[in-house]
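Asker: One-letter residues, chain by chain:
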Amino acid sequence: MTLPAAAIETRTNRPAIYDRLSAAELREALRRMHLIRQFEEGAEQAYMRGLIHGTMHLSIGQEASAVGVCAALKPQDKITSTHRGHGHCIGKGADPARMFAEFFGKEDGYCRGRGGSMHIADVAQGNLGANGIVGGGLPIAVGAALAMRQQKRTDVVACFFGDGASNEGAFHEALNMAALWKLGVVFVCENNQYGMSTSTERSMSVSNVADRAAGYNIPARIVDGNSFADVADAAFEAVDRARAGGGPSLVECKTYRIRGHSRSDRNRYRTRDEIEAWSARDPITRFEAELLELGILSGGDVRALREAVDAEIAAGIAFAQNSPPPQVAELLRDVHSD
Amino acid sequence: MDQPVRELSYAQALQEAMAQAMEADDRVFLMGEDIGIYGGAFGVTGDLVERFGAERVIDTPIAELGSAGVAVGAALCGSRPVLEFQFSDFATLAMEQIVNQAAKIRYMLGGAVSVPLVMRFPAGSGTGAAAQHSQSLEAWFAHVPGLKVVQPSTPEDAKGLLLSAIDDPDPVMLFEHKLLYKTKGPVPPEPYRTPIGKALIRRTGRDLTIVATAIMVHRALEAAAILAADGIDAEVIDLRSLRPLDRDTLVDSVSRTTRLLCVYEGVRTLGIGAEISALIAESEAFDRLDAPIGRLGGAECPLPYNPELERAAVPQVPDIVDKARALVRGTV
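Listed in order, the protein sequences are those of chains B and D.
To convert, count from 1 in the first sequence and add 943; that's this note's numbering.
To convert, count from 1 in the second sequence and add 1259; that's this note's numbering.
Note that these hints are calculated values from the structure, not bench results.
Any given hint might turn out to be false.
[Said to hold, decoys possible] Per the computed footprint, the stretches of chain D lying under chain B, defined by three or more beta-carbons under 8 angstroms from a beta-carbon of chain B, are:
id, segment
1, 1311-1321
2, 1324-1336
3, 1352-1363
4, 1366-1377
Virtual Cβ for every residue (Gly too), placed ideally from N, Cα, C.
Chain B on its own, in the form it takes in the complex:
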């Protein structure tokens, strides 16, 4: 499969978004993209060494959509996330050490070892949680936005979901209600072109998830999901509209997951050529090159940033390994509030 270039917005000049975000904010965005990549590679290695059990869904190759959207959000804004949610969590400001602790099933994890990769959440930073059910977060995001209105807050809810979720009934019910009630939701579709092994061509009756937004009178944009600037530009427009009371928007980020669906994936449904073509469009390499070319970062800055991320990841894994495990006597804790 090739990227449907005609459907994607292209740009020729310095992106306007590089003027809206400060140099410090752009540097932080790049740092978070590196942090996501290193976090997932670290988690993958820990899994292969038998330190992490269960399964996980890696978003390697999709870092620009997570960070590009979160760059447009304020700390008090909310997100709902997916089973492929590590990037969203770090994008919204989570501490990788507590994420590693969760993956290791430890008491210092964000969910005290009860949730694991698929339920990672960081409520204090506005991440209402990943979700093991495809489409599960869509109506929840609408409800969160309804609560914001009821409480007379202008906080925005960014709702991450995949191409596969747009085939679920929950997607359609959620978009209809968000549009009907003009709620401040930004629906962010990370279209990585496969629901597990089934391609969008084989599962969707339309070419783009964004095409479905028209059915709910929701404005939509399709962007190159591997370009931080393009994602952030669309995200700012949607977030601004939501905060101003203009209702929901949909941003479709065309992207690709480089790794398999989960740990059991043998990649029998796609070609090596396809994976390599998309690897050449790596969102981190592209963003870093743009920041260097525009003189926003120096080579030394990039080296220092990468070294700091390496150190943070190593410290995070050590923290997780040293964190205490949950007590079996607390198995039933938190089923209820009392």
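Starting from the known structure of chain B, fit chain D onto it as the hints suggest.
Answerer: Below, chain D alone, put in the same frame as chain B:
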């Protein structure tokens, strides 16, 4: 000098609970299909939209899954939704959000959040609405850790349990029986709470414990009056909460009466009666039993339309009388 006791219908009692909760707490709001100007399919929300406005009494599209998810999201972010399902049967469309999300989010997130929502389900047969509008599915929900399930049988408990449910920090499923909506009973005017997880002995007796839910409580009391004329003294327990179950009240009663009959409208197999029977069989009351445990529940078929068939599909007063008599006289 005595004030006449104020009576309300079961539906009015529910409405009063919602009105008092909304007056007391700005975070409480109602949502559901046709609950605004229509007043709810069974008239339970009545004129609340005129009193509290369309922002707090929200008509939803016909979208049970989405509405349940909206309630979950709003609850996660500090609001207190009360979601009315038009019929409890339509919960089947929303099970994902109820079972995978509402019930589990607190636990999955290690206690970082709670999901304070109430879902109200008009349930039960007897209205000629046939198989997709007459079910009693409450036991499904009672199987799920993280949910609380209550089933009031009187106007007083309808109000008290709904107010407790709205106060509760966790998701509570309230099953209302459609045939009870118009029944009247005393209801204190002030806000009060009926504790969740507490059964109530509606009639004390020595020979047999009948544990019943919802409309079956009334049928069991009628049966008990008939049995009394026969010299059989039945104790009738209104279960009120399916999860958590009031183990102590059940075990204590059966230990005294030495016989147990469970009466419920949900399908008999794997219904709430199975759990109560097992609970008693595992308890100290087992050694006191003088008869096998009896169960009367819904028939093993979808609910039929024809009124005679419909009546035959769920326990009626004569069924309870016959079964109780057989248990006490040792003819089971």
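Asker: Quick check: which numbered hints come out false for this structure?
Answerer: none
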